[in-house]
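*Asks:* Since the structure of chain A is already known, use the hints to place chain W on it.
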Amino acid sequence: MAAATGDRPRLEIRGACKRFGATIALHEVHLEAQAGEVHALIGENGAGKSTLMKILSGAVRPDAGAMFLDGVPYAPSNPQEARAAGVAMIYQELNLAPHLTVEQNITLGCERHVAGFIRRAADRRRISEVLTRLNRPDIRPEAVVKRLSPADRQVVEIVRALLLDARVLVMDEPTSSLGLADIERLFQVVEHLRTAGVTVIYISHFLEEVQRVAQRFTVLRDGRNGGSGELADVTLARLIERMIGRRVDEMYPRTPHTIGEPILRIESICGRRLPRDASLTLHRGEIVGLAGLVGAGRTELLRCVFGLEPVRSGSVRIGTLGAAAAAARGSPSLRLEQGVGLLSEDRQCEGLAVSRSVGDNILLSRLGPVARAGWVRPSVWRRTAGEWLARLDIRAAGPHQPARELSGGNQQKVALARLLHHDVDVLLLDEPTRGIDVANKAQIYRLIGELAARGKAVLIVSSYFPELLGVCDRIAVMHRGRLGPARPAVEWTGHELVAVAASGRGAAT
Amino acid sequence: MSTEPTAAARLDATPKSALRERLAAALAPFMGALVVIVVFYAIPPHPSITLLDLQTVAVHMVIVGIAAMGMTFVIVSGGIDLSVGSAIALSSVASALALRHGWPLPAAIVLALATGAACGLYNAALITLLRLPPFIATLGTLGFFRGVAKWISDSMPVSAPADGLDLWVRPVPAQSWLPLAPAVWLMLALAVFLAAVLRHTVFGRYALAIGSNEATARLCGVRVTRVKTQIYVLAGALTGLAGLFQFARLTQGDPTVAVGVELDVIAAVVIGGASLSGGQGSIAGTMAGAFLMAYLRNRCTVLGWPNFVQEMIVGHMIIIAVAADQWRARRAALR
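Protein sequence lines, in the order shown, are assigned to chains A and W.
Letter by letter, the first sequence follows residues 0 to 508 of numbering that gives the first Met the number 0.
Letter by letter, the second sequence follows residues 0 to 334 of numbering that gives the first Met the number 0.
In silico contact screen, one side only, chain W against chain A (beta carbon under 10 Å); selected entries:
1. ARG204
2. GLU213
3. LEU218
4. CYS219
5. VAL221
6. SER274
7. GLY277
8. GLN279
Distance windows between CB atoms, simulated:
9. A:THR319 <-> W:ARG330: 50 to 58 Å
10. A:ASP6 <-> W:ILE319: 54 to 62 Å
11. A:PRO78 <-> W:LEU26: 32 to 40 Å
12. A:GLN33 <-> W:HIS315: 54 to 62 Å
13. W:PRO43 <-> A:ARG382: 54 to 62 Å
14. W:ALA124 <-> A:GLU266: 32 to 40 Å
15. A:ALA180 <-> W:ILE319: 48 to 56 Å
16. W:GLY142 <-> A:ARG376: 43 to 51 Å
17. W:ARG198 <-> A:ILE23: 30 to 38 Å
18. A:SER378 <-> W:VAL37: 33 to 41 Å
19. A:GLU266 <-> W:ILE319: 56 to 64 Å
20. W:ALA124 <-> A:PRO136: 47 to 55 Å
Worth flagging that the hints you see were computed from the coordinates, not collected in a lab.
Even glycine gets a Cβ: it sits at the ideal position worked out from N, Cα and C.
The shape of chain A in the complex, shown without the other chains (with noise of 0.2 Å):
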């Protein structure tokens, strides 16, 4: 039964553990991946997926358990060391110098010189040779990062680590901050990798994705073995069970719900840069969604409307109000006044004040019920966000625990609590679900659905259309800044969407 080293996986991982203060994060987790395969990761946030890559790239020491590489023991104390085994990360968010060339970025910290002189013809080529076997020559060497698209700088990132000489190559949710067209050629660059011996452990929460990608899979449930094996043996159904332990009777709970009155008329809007034409109505318990690719202006259409951005032409009208308040210039202040909320598609840097606590994030738009006066009542701040807790269903220590202790899924149900608290009318939803674990996303589908029997009106902006087409009443496509009219959900299919949002022929019509 033992194989004869030789045929040692290319990593193993053997019973990992390891506990953070009270809470296991890890308990047990064997992993095994061959050279040449993509090994998918998957589990919900929070599930161990994050401890268990910290442990892999040195970040983290385990507990217990032991690791191998190639049938050597490797056992990393800091990242450095993983990178010189052979182990490589590729973050969510990118590590590169935005200000310095591709060259420089790929060569920090190991520039080949000649005393104190860098030899960058030798390094040139070295770049170059590695962008052509990953068929992606068009990147060159002296093009400055900021420069480049995230799907480019992702590129970027693993000529870095193929340089090093990877041998295991972590990608997170790699194709999360991406268009449809970069995907593809990621997922190229994938095969690549994987045709040329380098094991990828590939973590993802599109499990369509991963099917198309991997080869072979492990679930995380709960820090423990959630099962594993041959991507070709299960269906997407099974691997959500596994996922989260139980069946998922439907991933798109519908809430009957019936249109009313037109609450937000978005009249041929033009912004700064994007959105160049756009023109919708939404109704009171309507739920619409907003298709197109990344950096179709879809977001920006968003913040135009919410005053976060300026409106170079076109006019917003919420509600009965006239023109008069249509041509005053937007503010989120004056939105939310009007009844309308955004939340942002970037929970970290916008949509959270991740420092502060939790009920402070909830409650903060509209303290007003909650203090006397100006000054804030403790007991009824605290009760009030404990019932949105219990509400949202919001896994947290409590009202005072810093956002950024929580899940993605749960940070997300925390900005839209803040949403829901505020009680608007309008709800303008960037990326709803972008990150975030198949449980959350179901009680996040369902919340939608809520609110739209409860007469609120929904704007959905996703790069994820499958979820569109499962909530939505209305879907318009947006290409190039400009958006086509608004169809019944029901007329169009996934492969539709996606012909239009990359093309922008029958949007126009």
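*Replies:* Just chain W now, kept in the frame of chain A:
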């Protein structure tokens, strides 16, 4: 919802370790101050602590303490004010000039506060209208306010009748039933009030939220420009009050006084546990920091150490306080 009872139960069951940690973070500045005080007291000679010592330290802490309370609001909102020393000099000159021209005392007090508030308003205008980083804006006004103070005083100390103001800062108060000088009582009362303002008012929450994440505050409809202006004006008015006591101590308005005081003020706030990147800080901590600064200076004087030793020690107090804060933040981020 069926999850309600469990959710409610979870709310009550705040983990003890988290509570303990929060308590530890809140008490850290006081423990730090206590350690430093004990260490410095251990250096001989150690005379028995008398009431007079405490009275002296308390009075010496008034100027930095009052200005540091304003600075706390500025720093928790993610800002910084380097112009405090100059603004103190300017308002002390302004109040001296007023008294010399025969203004009644209340009018001179109001003038000092208004001068400080005007300085704060000017800072706020530079920061919010020109969108300058607070560090640069107040670096500029550091020179500007000092220049104005010299201009209106002809670069000469302005002597003026103290009108009883000097009694406010006399270490041993005239009234025997007051163990501490009136200015100290005023500072303590302000501290209690402002601590409540920071922790328990909508304004305080907005200040903390802006410091924690300005984009979020804007998203939540907080009128960021207005709140920032209010913060700098409040800090300015407190600086004006500090300037008034600066005048009271010297009974003259000296345009060259309080050079470098901004460093003591910022040090007091940072030692008090506030984060220079905003979103964190407390008035109680700041008062502990201000007391520590005053105690250190007093102790060095008692020990007969020259001024430059004080400066070397105080400089490192800031470094140690910030290093401790960063270490704590790193550890929190690792978990």
